[in-house]
Amino acid sequence: MPRATEAKLLLSATVLLAAAVVFFHLSGGRAAASATRVFALAGGSYWAVHLLQYRCRPESDPLLLPLAAWMSLLGLIFLYRLDPELAARQAVWVTLGLGGLAFFLVLPGYLVLAEYKYLGAGVALVLLAATLLVGAKAGGAKSWLELGFLRFQPVEAVKLLMIVFLAGYLDEHRALLQTNWRQWGPIGLPVLHALLPLLAIWGLSLFLVAFQRDLGGALLLFGTLVAMLYLATGRALYLVAGFLLLAVGFAAGYYLFDHVRVRIQVWLDPWAQVHGAGYQVVQGFFSLAAGGLWGTGLGLGQAHYVPAVATDYLFVALAEEMGLAGALGLLSLYLLFTWRGFRLALNAAESVGRLLAGGLTALFALQTLLITGGVTGLLPLTGVTLPFFSYGGSATVVYYLLLGLLLQVSGHQSGRLEGGG
Amino acid sequence: MEERKLDAKLTAFLIVLMVIFGVLLFRLFDLQLLHGRTFQARAEANSSRLLSLPGRRGDILDRYGRVLATSRPVFVVSLNTYGLANQEEVIKRLASLLGNPELTPQSIGELVRLNPRRYEPVEIARLPWGEPESMEVITRLEESREELPGVAISTEPVRYYPYGPLAGHVLGYVGRITKEELQAFADRQYGINDLVGKAGLERLYESYPVGEEDYGLRGQKGMQRIEVDVRNRPVGDPELIIPPAPGTNLVTTLDLRLQQALERSLDETIAAAKRKNAKAGGAAAVVLDVRSGAILAMASRPALNPNDFVDGLSRQEAAYYDDRRLMPYTNRAVQGTYAPGSTFKMITGMAALEAGAITPEFSVTCTGRYWQPPSIKCWDVHGRVDLYRAFAVSCNTFFQHAGYLAGPDAMVAVAREFGLGEKTGARDVTGESAGLLPSPAWKKEVGAAEAKRNAARRREALEERYRLLLAQAKSEEERQRLLRQKGEEEKRLEATYEIEYRFLTQWQPFDTFNMAIGQGANSFTMLQMANYIATLANGGQRWQPYLAQRLVTPEGKVVAEFGPKLVHRVGLKPQTLAAVRRGMRQVTLPGGTAASLFADFPQEIGVAGKTGTAQTGLARDDPREDFHGLFVGFAPFERPEIALAILVEYGESGAGSAAKVAREVFRTYFGLETP
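Here the protein sequences come in this chain order: X and C. Under the numbering used here, residues 1 to 421 are what the first sequence spells out, in order. Under the numbering used here, residues 1 to 675 are what the second sequence spells out, in order.
In case anyone wonders, no lab produced these hints; they're calculated from the structure. Note that CB positions come from ideal geometry on N, CA and C, so glycine has one too. Please note: incorrect hints may appear among the correct ones.
Quick list of simulated restraints, FRET-style, between CB atoms [stated by the list, open to error]:
1. X:G100 with C:D30: 38 to 44 Å
2. X:L336 with C:S144: 57 to 63 Å
3. X:G203 with C:D30: 37 to 43 Å
Using the sequences and the accompanying hints, generate a full structural model.
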């Protein structure tokens, strides 16, 4: 009864949303009335998707949608507390994302996507080229495309398109990538063209760093690719080569690009530039420290002093006001989602599906780690959003599409493992 | 088999992820609970604070090392409320001790509430150094230290321009950094409250990278650690962790005394002009060293006082600076373009001489009007005038004829030689205008566009009219008649266009006459005019004007030296230039238009000059009443040292306004006693 489970879990998320709306009304929110409507729209959309699942994908994973709902709704609550208008806008994005997800659900199957993998890769490259040629500038980097009133970051869509492409490509050429190795004693080395996909994506990532200053996007793209290569071939050498290329890229970036150098310097010692580049990171630390175990309480923190709190630092706002307990709670949602993702990858009927689900989940997990690691000072800070949770138009839509793909794959289970619930 | 392998890999991923999540959780635990205590401890009792120390900004000096822009200390009263129990009480006490009606307990409370950095003190008030009132306040605060936990008094260097508006447009000003600037200078480590050069030299020399070092005006911030006790009072001496580094000093080519004389005289002259014409108030002036192109003085009115910007503009100040009519931000000396009027006549004279059309002895008879139609009146009846007398009395008849003989192309060519109508390329000014030097080719381009525009407008009116008429036509017969009529009118329009096109695109005789006396579309900046006179004075070397002479570190090390740069050598015969210079000398001798002003100058400091009384060319002005006053000149006549160009908006006449300013500049430069 996977759908019944989903209904129960969605109900819990709806209760959360309703409680928040009541809370904001009681605490005298400024734009409470208008936000309620958009919130209701977003909340209702989850139920609509749920009903659609009954019809189209009755056997799909029952945990993923409610988990995403919890993440998004928690995000909306914290956005509302920082800036009601921004929250209303994010609610619209969530609804749009769910619309896209519904479209994937009604597709007959995901295998058809693998058929069009070259088209997808082509579109991805065109999008990137278009950004470079006609992109709009924001924050010194050309990483936005403007279509009338719509503005979106193509790199988000590119991530998804590349994963679909790789899943199809690696599945088709698995034999080639696995067998074209030369053996010197115990060490096996691939012939050059077996390394081509790795090098191509590495180049694409460097391009992202150089021309769009998008360190985060580049790391995600590259990391996901290495993970998928390893999944497809089982050759640990791909992991080693991936790490080496990553190191080379980082070293080159450090010397060539100011924005990379600044990020690394701040990571090593945020206090050295506490009034300049390190300001954001240090303010984030203060916010985290103020949170303690149980937090300051909703609306009582001071996270709005952290720059970019709605996008890169929304997690910190939650950690300050809900404390370590709240942060652990949120992170366990992400861990659960990752676990379900990998689990359904294991369960997938076709090997393309396994690669696809594995890659999508790897992307999700990597992005989560990059940003949470970044704000806690474990990793250099890269401006990526926390999936589903942070504010972000194109990022939110793309993550719901990702969820749609995962649900698709999970609807085609091989039945090797027992259904969850 | 294959499947099993994949399963193992996915499981491995999951395990790796769990480990990484674990590390993350531990880090959060560390930051929020363990480290959290240290952060709080840092802010509470017996803790140490890191405070940034502002680095002193480099001074801007005149050519003799006299200070034009510097920094002076101010007292900064700040309040740290972190962990303060009786915050409200302290704020109330502080407000009463400060005695500033604008700093009420409510407004201080607001400042504290809006403080973006909770662990750092918030600035409450700034008090100027060395003034009795502020010393009184500081003493009061020091005496009540015990009752004011969390209150700290420190000193900080702040930009100060000792002469107020003097050379304000040249120096520029500093202001709080904007978000856009923060982003643009991301690699230079600015903080959100930093001051940064916004205009003029302050902006241009904010940063001056030489290799790895930055020798700009900006000082580098330092860091100090202070131990404080429970009540937030400093315990022991602050420990300097990183000493602040002062910025580099900029030595300019300006001469403070000359600049003062120029501006004082400009202000007096403007005040006098205002009494006669309410539109007066603007002015522009440039003084150059003819041997190098160094700018000795440069001024623009309405004035800009850089001190106004240090603490942000008051509402009243903002209204003044944003006034669209006054436009005080504009540096009129390099951005404002004006019709040169009679000060252009040296170009006309040189063009005629160089073409061989006239000799210095050539003469005409001025009857008060040039004899060729469509002539422009002369301002007087001058009788027989040769080249020298023509300069002395500024005879329009003579120069219209000289221009007619030389032709427009020759005049344009000579004007180009002297850099008119193109940017001088001056190094240390921003937003320089190119001005406009009309020529037959220019007229063809502009006129064609205008003729087309006019024709299109007339054509549209015609169509509109006949659309109405045809709609009201009662019979087919009437319709036909109307259509025929329309065809006729269209033909007539076509003919009008042809005539107008020819008229507007072809250089007309009156264009030549207008140009010969510096009217019409001619318009140049005073920087161009001064450079043209300097080039004429030094025998044809056109230098690139510049303001920055060298950068000197506070230790006295010269890190950059800027020298003169020759841009062009004028390709005219030396005799041509000499003849025109001789003509300019007559202007200040008995019988010249500016004779009375320079009568008391000693023979060896002969001033050569030219007055100009130019129609403004602005639609809102009356061409018979509103004139700009100009004066250009150089001295000494025999061995020229300086050249200048001065314009007083609505100054009535050159001799009545701008020439008076020139007189004061020359007197000061040559050290003549004021009578």
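Comparing the hints with the structure gives:
1. X:G100 with C:D30: 38 to 44 Å: At 39 Å between Cβs, range holds.
2. X:L336 with C:S144: 57 to 63 Å: 59 Å, holds
3. X:G203 with C:D30: 37 to 43 Å: 38 Å, holds
Consistency with the previously given hints is maintained throughout, with no hint failing.
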